[in-house]
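**Student:** Sequence:
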Amino acid sequence: SFSSDLKELTQIIEAGINHKGFSLINVFSPCVTYNKVNTYDWFKENLTKLSTVEGYDPSNRMMAMQTLMENNGLVTGLIYQNTAQPSYQELVKGYSEKPLVQSDLNMDQKMFDELVAEFM
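Residue 29 in UniProt numbering sits at position 29 of the sequence shown; the count goes up by one each step and never skips.
Accuracy of the hints is not assured; some may be wrong.
[Stated by the list, open to error] Label pairs and their in silico Cβ distance ranges:
1) F112 <-> E14: 42 to 52 Å
2) T39 <-> N106: 55 to 65 Å
3) Q85 <-> T10: 23 to 33 Å
4) T39 <-> K98: 20 to 30 Å
5) N38 <-> S103: 43 to 53 Å
6) L91 <-> V116: 44 to 54 Å
7) N106 <-> T10: 19 to 29 Å
8) N26 <-> Y95: 46 to 56 Å
9) F119 <-> E70: 34 to 44 Å
10) N26 <-> Q85: 37 to 47 Å
[As the list claims (entries may be wrong)] With a straight-line Cα cutoff of 27 Å, these simulated DSS-like cross-link-like pairs (lysine-lysine) come out:
11) K49 <-> K36
12) K93 <-> K49
13) K20 <-> K110
14) K20 <-> K7
Derived by calculation from the structure, the hints in this document are not laboratory data.
Bear in mind that the values here come from a model prediction, so they are computed numbers and not experimental data.
Just so you know, even glycine gets a beta-carbon here, dropped at the ideal spot from N, CA and C.
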């Protein structure tokens, strides 16, 4: 996303938060102090907004890679999303939906003694 496009940036961050699994959000934000070449105007002229590319499908990995190469990585929007593959959390055996801070981590004396015995 582009830092000056707050509507798209907000949508991308929200989508990343709501996505089950890993999300990478890349934000183009030009440095106005040290970068006099790649200015806001340069980015506005050179970025390709994927939501305007006719027929673009973010679930098609090959299309995503090809689009990135054709545009030298200068794209904004949802580049690729695989919703068919389970997230890491879904694959981890014994994973609990309940946050760790809300879990009962207490153990009785027997469990404690067994745990200590493993290290003796």
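**Student:** Would you mind marking each hint as holding or not holding in the structure?
**Tutor:** Against the structure, the hints:
1. F112 <-> E14: 42 to 52 Å: holds (44 Å)
2. T39 <-> N106: 55 to 65 Å: holds (58 Å)
3. Q85 <-> T10: 23 to 33 Å: Given range 23 to 33 Å: holds, Cβ gap about 26 Å.
4. T39 <-> K98: 20 to 30 Å: violated (48 Å)
5. N38 <-> S103: 43 to 53 Å: Check passed, 47 Å falls within 43 to 53 Å.
6. L91 <-> V116: 44 to 54 Å: With Cβ atoms ~31 Å apart, the hint is violated.
7. N106 <-> T10: 19 to 29 Å: At 42 Å between Cβs, range violated.
8. N26 <-> Y95: 46 to 56 Å: 28 Å Cβ-Cβ, so the 46 to 56 Å window is violated.
9. F119 <-> E70: 34 to 44 Å: This hint is violated: roughly 57 Å between Cβ atoms.
10. N26 <-> Q85: 37 to 47 Å: violated (21 Å)
11. K49 <-> K36: It holds: about 23 Å lies between the C-alpha atoms, which stays within 27 Å.
12. K93 <-> K49: This hinted pair is violated, its Cα atoms lying about 39 Å apart.
13. K20 <-> K110: violated (37 Å)
14. K20 <-> K7: Answer holds: K20 to K7 is near 22 Å, not above 27 Å.
Violation of the numbered hints given earlier is confined to hints 4, 6, 7, 8, 9, 10, 12, 13; the remaining hints are satisfied by the structure.
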